[in-house]
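2 protein chains.
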Amino acid sequence: MPWPERKLIEHIRRLARPRAGRALVHGIGDDCAVLELHSRQQLLVTTDLCIENVHFRRGWHPAASIGYRCLARGLSDIAAMGGEPLACFLSLGLPPRLPQRWVDQFLEGFARLARDFALPLAGGDTSRAPVITADIVVIGQAPAGTALLRSGAKPGDRIYVTGALGESGVVLKRLYAGQRVSPKTGSRHFYPSPRLKVGQWLRRKRLATAMIDVSDGLSVDLAHICEESRVCAEIVAARIPVASGSTLELALHAGDDYELLFTAPANARVPARIAGVSVSEMGVVRRKKDYLPAIQILDDNGRLRTLTSRGWQHFAEQKKR
Amino acid sequence: MPWPERKLIEHIRRLARPRAGRALVHGIGDDCAVLELHSRQQLLVTTDLCIENVHFRRGWHPAASIGYRCLARGLSDIAAMGGEPLACFLSLGLPPRLPQRWVDQFLEGFARLARDFALPLAGGDTSRAPVITADIVVIGQAPAGTALLRSGAKPGDRIYVTGALGESGVVLKRLYAGQRVSPKTGSRHFYPSPRLKVGQWLRRKRLATAMIDVSDGLSVDLAHICEESRVCAEIVAARIPVASGSTLELALHAGDDYELLFTAPANARVPARIAGVSVSEMGVVRRKKDYLPAIQILDDNGRLRTLTSRGWQHFAEQKKR
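Residue numbers (the working numbering), protein chains in the order written: chain A, 17 to 337; chain B, 17 to 337.
Just so you know, the hints here were simulated from the structure itself, not pulled from any lab data. Values in this document were obtained by computation on a predicted structure and should not be read as measured data. There may be inaccurate statements among the hints.
You can't tell identical chains apart in this list, so a pair holds if it fits in one copy or across any two.
[What the hints assert, rightly or not] Okay, derived cross-link-like pairs now, SDA-like style, lysine to any residue, Cα gap no bigger than 25 Å in a straight line:
| hint | residue 1 | residue 2 |
| --- | --- | --- |
| 1 | K200 | R222 |
| 2 | K23 | W217 |
| 3 | K23 | S296 |
| 4 | K23 | T263 |
| 5 | K221 | R117 |
| 6 | K170 | A160 |
| 7 | K189 | A253 |
| 8 | K23 | Q312 |
| 9 | K213 | E52 |
| 10 | K23 | R326 |
| 11 | K221 | A253 |
| 12 | K170 | Q116 |
| 13 | K23 | E52 |
| 14 | K170 | R74 |
| 15 | K23 | Y207 |
| 16 | K304 | D315 |
| 17 | K23 | G168 |
| 18 | K304 | R30 |
| 19 | K23 | E244 |
| 20 | K304 | R29 |
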């Protein structure tokens, strides 16, 4: 590892600087972190593994963006439950010849997003590893029984998504094509802001019946809702909020957008903007039938066709060929 | 990966089989797991990264032992706080050409230890990776304010350790020397049982002032207590419980024993056995002085000498040469 383990942990400990008055009782320096939840809260836990050359490439993303994005994935999972994040943990494996500067910038990007949400880094682990390996754990809370699950969508519910889809896909497509992309031009790809406020608003208002974040791609993530809720979905191509400069194809399959996808009853008053983020209604939940595909899409010619779940993995494999 | 990700997750989901009546409200299948703590409990969180060729070698340990040991490391951290484990999470990176049989046995070893403590596998992540990469998260609880920290040791306290030390060191030494070791002959190395009951007993009785598990080696782990408690330690070589067939050197430095190291006031009545495990008093906590080394050891000739923290990493490096 670039630094001896002890020095790396000391550095992380300084970066972690927990704030008083939050859930963290004891952070780095013990066998476990100790946290205190507010009463009548349930605990939310998510883990996300980020591995070099699988989830990111060192030549494509600045180290700060990689650190930021690792934590954003975890925070987006908390957002998708309508939760409030309490603490994060970082298990970090580093190759022996990695420049110290890279590690500094990675941790700075990570800490920047943590600071945005006043989130203490409460612990983790370090090791050497053949490639950069970061496993992020985010712990959050939500009042008992209110966390938004994937399994609550009902036939007749409308399907919504926040923001715009496919912006990250455009950047990924250019990166796979060997082009350089400046973090300034694809800022939501390099520094995605997890939709925590939107998720919390939907949980408080009890408007949404099911929710997930769009990390693997709309076609994959909507299929997760369908599977866990045992329903089908029908979406309208023309209603999908395609990011400026992107395409429907990328909006449907490229993923990595970290928007929220949710369902709400037909009579629910879902506003056009929540916490400053636009919300688009784009389809309807249908009763599950054996002969129906999980997701159908109404195209611009008025034809209903099957939407196959592909997501970013397929997209990535295709671009590699 | 050996299996497609989806099939692997389905397999893990079947293995996870959460039990009713425990803390887990929603497990695998959502963006986050949802857990419920008992009231007036604080949350304990630990993460442990296990990487092939750093923490284990495929040729040295059966896959079931590797899976078991990954989880044992996390459970031992919960034991060291006197906590009750509630749920575990597994982030698993697998090389594309790894045999499916290896993954099955790894998961079976992992699940075997989880079953021993009725611990649900509540979530995690999967990815491909250049080497086997497992990050384990264990979530536990302890009544508010009672978790045993590293920082509570006071001058005059006595120093104790459970079980015997150096058994794992003997096995590691033979493995580094190129010998094969059957899991039957070194069973506590291959299948270490985390000392959860001992830790919980010490927490309930409020006997211990500081505690840590012996994972990196007695010389390293005792130094952690000294550092966090701002004290020095003096141990007696003849009182260290060296495992049968092992040596004092291995007991001091080889680590990987997963016993509990704790301090208690001089007048505390610490029994010779706790929850069926022997307990040895082996030293005393001293006031920190600038001219004193953190740890001194009284050898068999009555000489007090400095004990340098080395631990398994040094031990491993030495053996590699």
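Up to 25 Å between alpha-carbons, please classify K170 paired with A160: within, between, both or neither.
So K170 and A160 pass the 25 Å test inside one copy only (22 Å; across, 40 Å).
Indicate which option fits the pair K304, R30 if close means a Cα-Cα distance not exceeding 25 Å: within, between, both or neither.
between (52 Å within a copy, 24 Å between copies)
Check K23 against R326 for me: Cα-Cα at most 25 Å, and say if that holds within a copy, between copies, both or neither.
between (43 Å within a copy, 16 Å between copies)
Taking 25 Å as the upper bound on the Cα-Cα distance, should K23 and W217 be classified as within, between, both, or neither?
neither (41 Å within a copy, 35 Å between copies)
Reference check for the pair K23 and E52, CA-CA at most 25 Å: within, between, both, or neither?
Neither: 29 Å inside a chain and 36 Å across chains, both beyond 25 Å.
With identical chains treated as interchangeable, where does the CA-CA distance between K23 and S296 reach 25 Å or less: within a copy, between copies, both, or neither?
neither (48 Å within a copy, 33 Å between copies)
Using 25 Å as the alpha-carbon threshold, which applies to K304 and R29: within, between, both, or neither?
Between copies only: 23 Å across chains, 50 Å inside a chain, cut-off 25 Å.
For the identical chains here, do K23 and Q312 meet the 25 Å Cα criterion within one copy, between copies, both, or neither?
between (54 Å within a copy, 24 Å between copies)
Regarding K213 and E52, is the shortest C-alpha distance of 25 Å or less found within a copy, between copies, in both, or in neither?
both (22 Å within a copy, 23 Å between copies)
Same-copy or cross-copy closeness of K170 to R74 [CA-CA at most 25 Å]:
This pair counts as neither: shortest intra-copy Cα distance 43 Å, inter-copy 47 Å.
Please sort K23 with G168 into within, between, both or neither, judging by C-alpha distance up to 25 Å.
Only across copies: K23 and G168 sit 24 Å apart there, 47 Å inside one copy, limit 25 Å.
For K23 vs E244, is the C-alpha pair at or below 25 Å within one copy, between two copies, both, or neither?
between (45 Å within a copy, 16 Å between copies)
In summary, the numbered hints that this structure violates are 1, 2, 3, 4, 5, 11, 12, 13, 14 and 15.
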